[in-house]
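Taking the hints into account, I'd like the entire structure generated from these sequences.
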Amino acid sequence: MVREFNIVIAGVGGQGTILMAEILGKAATIEGLKVRGSEILGMAVRGGPVSSTIRVGSEVHGPLVPEGKGDVLVGLEPTEALRNITYLSKNGIAVINTRPIIPYTVPLGLTKYPHIKNVLEMLKGKSRNVIALDAAKLAKEAGTPVAANMVMLGALAGTGKLPIKNKTLKKVMKAHFSEEMARINIKAFDLGFEVSRNLAKRN
Numbered sequence: 001m002v003r004e005f006n007i008v009i010a011g012v013g014g015q016g017t018i019l020m021a022e023i024l025g026k027a028a029t030i031e032g033l034k035v036r037g038s039e040i041l042g043m044a045v046r047g048g049p050v051s052s053t054i055r056v057g058s059e060v061h062g063p064l065v066p067e068g069k070g071d072v073l074v075g076l077e078p079t080e081a082l083r084n085i086t087y088l089s090k091n092g093i094a095v096i097n098t099r100p101i102i103p104y105t106v107p108l109g110l111t112k113y114p115h116i117k118n119v120l121e122m123l124k125g126k127s128r129n130v131i132a133l134d135a136a137k138l139a140k141e142a143g144t145p146v147a148a149n150m151v152m153l154g155a156l157a158g159t160g161k162l163p164i165k166n167k168t169l170k171k172v173m174k175a176h177f178s179e180e181m182a183r184i185n186i187k188a189f190d191l192g193f194e195v196s197r198n199l200a201k202r203n
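Numbering (our numbering), first residue to last: 1 to 203.
Don't take each hint at face value.
Stated by the list, open to error - Cross-link-like lysine-lysine pairs, in silico, DSS-like; alpha carbons within 25 angstroms at most:
id, residue 1, residue 2
1, K201, K124
2, K69, K124
3, K165, K187
4, K167, K126
5, K171, K124
6, K124, K137
7, K167, K187
8, K137, K69
9, K167, K201
10, K161, K174
11, K140, K126
12, K117, K90
13, K187, K174
14, K140, K90
15, K124, K161
16, K90, K69
17, K34, K165
18, K201, K165
19, K112, K124
20, K34, K171
21, K201, K187
22, K69, K126
23, K69, K112
24, K137, K90
25, K112, K90
26, K161, K187
27, K140, K117
28, K117, K137
29, K174, K26
30, K69, K165
31, K174, K140
32, K171, K26
33, K174, K69
34, K126, K161
35, K201, K161
36, K171, K161
37, K34, K140
38, K161, K69
39, K167, K26
40, K187, K137
Keep in mind that the hints were calculated from the coordinates and are not lab data.
Printed below as a string of structure tokens:
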């Protein structure tokens, strides 16, 4: 049994960041792992920053992941991943959704959004292990764009580092969603898993 495995999930409101963390936590509990976690909500509106931490293992205590101690950073939104990159350990893995959520301030001319290539270059400058995929595209292929978080859950599993079995994660997903939505979300999970596993082999 793993002693401690630290996950940081970063996204924006409406992407299902907290649901992803809940599924991870429930699956870890089923497998007999201790679970600690927390959520940090920014603006209480759709599109505001949201991050969750999940710590699982036999010897986890506090809910917060210290900076530099994250085993995996899951970025549901690219710039939110960059904002939280300091939590990732030197040998950690960053799993990044390349599809941006443009803040409402950008069309108003109040802020600028960096090009995704620049964001990925900055992430790769801070982590030697970056797996990048278009979760929105894969979610649409699975049957619904809102399943991008389950694509990213599958991508997390596809790194080969997650100490939770796929079948346990899918069991929790089946319990959470209706039968049809479970089918779609599990397909999204599988698509993310395969893409991530193939990319991880190249790293």
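Verification of the supplied hints:
For the hint pairing K201 with K124, the CA-to-CA distance comes to about 17 angstroms; that is within 25 angstroms, so the pair holds. For the given pair, K69 sits about 17 angstroms from K124 by alpha-carbon distance, which is consistent with the 25 angstroms threshold. Straight-line distance between C-alpha atoms of K165 and K187 comes to about 16 angstroms, which keeps the hinted pair within the 25 angstroms bound. As the CA atoms of K167 and K126 are separated by approximately 33 angstroms, the hinted pair breaks the 25 angstroms bound.
The hinted pair formed by K171 and K124 fails the criterion: a straight-line CA distance of about 34 angstroms is larger than 25 angstroms. Under the criterion of a C-alpha separation no larger than 25 angstroms, the hint pairing K124 with K137 is consistent with the structure, at around 22 angstroms. Distance hint between K167 and K187 is fulfilled; the C-alpha atoms sit about 13 angstroms from each other, no more than 25 angstroms. The hinted pair formed by K137 and K69 fails the criterion: a straight-line CA distance of about 31 angstroms is larger than 25 angstroms.
Taking the CA atoms of K167 and K201, the gap is about 22 angstroms. The hint holds against a cut of 25 angstroms. Of the supplied pair hints, the one linking K161 and K174 holds, its CA atoms being roughly 23 angstroms apart against a limit of 25 angstroms. Of the supplied pair hints, the one linking K140 and K126 is violated, its CA atoms being roughly 30 angstroms apart against a limit of 25 angstroms. Distance restraint check for K117 and K90: the Cα-Cα separation of roughly 22 angstroms lies within the 25 angstroms cut-off, and the hinted pair is therefore satisfied.
For a cut-off of 25 angstroms, the pair hint linking K187 to K174 stands: about 12 angstroms separates their Cα positions. Distance restraint check for K140 and K90: the Cα-Cα separation of roughly 33 angstroms exceeds the 25 angstroms cut-off, and the hinted pair is therefore not satisfied. Using a Cα cut-off of 25 angstroms, the hinted pair K124 and K161 holds, with the two alpha carbons roughly 19 angstroms apart. For the hint linking K90 to K69, the alpha-carbon distance of about 8 angstroms falls within 25 angstroms, and the restraint holds.
For the hint linking K34 to K165, the alpha-carbon distance of about 15 angstroms falls within 25 angstroms, and the restraint holds. Between K201 and K165 the alpha-carbon distance is near 19 angstroms, which keeps this suggested pair within the 25 angstroms criterion. Among the hinted pairs, K112 with K124 is consistent with the structure: their alpha-carbon atoms are about 21 angstroms apart, no more than 25 angstroms. A threshold of 25 angstroms between alpha carbons decides the hint, and for K34 with K171 the separation of about 18 angstroms falls inside it, so the pair holds.
A distance of roughly 21 angstroms separates the Cα atoms of K201 and K187; the hinted pair therefore holds under the 25 angstroms criterion. The suggested pairing of K69 with K126 holds, with an alpha-carbon distance near 14 angstroms, which does not exceed 25 angstroms. Simply put, K69 and K112 have alpha-carbon atoms about 30 angstroms apart, too far for the 25 angstroms limit, and the pair is violated. Note on K137 and K90: the hinted pairing is violated, with a Cα-Cα distance of about 30 angstroms set against a maximum of 25 angstroms.
At roughly 29 angstroms between alpha-carbon atoms, K112 and K90 are farther apart than 25 angstroms, so this suggested pair is violated. Taking the CA atoms of K161 and K187, the gap is near 21 angstroms; set against the 25 angstroms cutoff, the hint holds. The straight-line distance between the Cα atoms of K140 and K117 is roughly 22 angstroms, inside the 25 angstroms bound, and the hint therefore holds. Only pairs whose Cα atoms come within 25 angstroms are accepted, and K117 paired with K137 is accepted, the gap being roughly 17 angstroms.
Proposed proximity of K174 and K26 is supported: the alpha carbons are some 12 angstroms apart, at most 25 angstroms. For the hint linking K69 to K165, the alpha-carbon distance of about 22 angstroms falls within 25 angstroms, and the restraint holds. With a CA separation close to 19 angstroms, the supplied pair K174 and K140 stays within the 25 angstroms bound. At most 25 angstroms may separate the alpha-carbon atoms for a hinted pair to count; K171 and K26 meet this at roughly 10 angstroms.
Taking the CA atoms of K174 and K69, the gap is about 31 angstroms. The hint is violated against a cut of 25 angstroms. Restraint check for K126 and K161: satisfied, since their Cα atoms lie roughly 19 angstroms apart, inside the 25 angstroms limit. Between the alpha carbons of K201 and K161 the distance comes to roughly 13 angstroms, so the proposed pair stays at or under 25 angstroms and holds. Proposed proximity of K171 and K161 is supported: the alpha carbons are some 19 angstroms apart, at most 25 angstroms.
Distance hint between K34 and K140 is unfulfilled; the C-alpha atoms sit about 34 angstroms from each other, more than 25 angstroms. A distance of roughly 15 angstroms separates the Cα atoms of K161 and K69; the hinted pair therefore holds under the 25 angstroms criterion. For the hint linking K167 to K26, the alpha-carbon distance of about 13 angstroms falls within 25 angstroms, and the restraint holds. Distance check on the hinted pair: K187 and K137 sit about 13 angstroms apart at the alpha-carbon level, within 25 angstroms; holds.
The structure fails hints 4, 5, 8, 11, 14, 23, 24, 25, 33, 37 (numbered hints given earlier, in ascending order).
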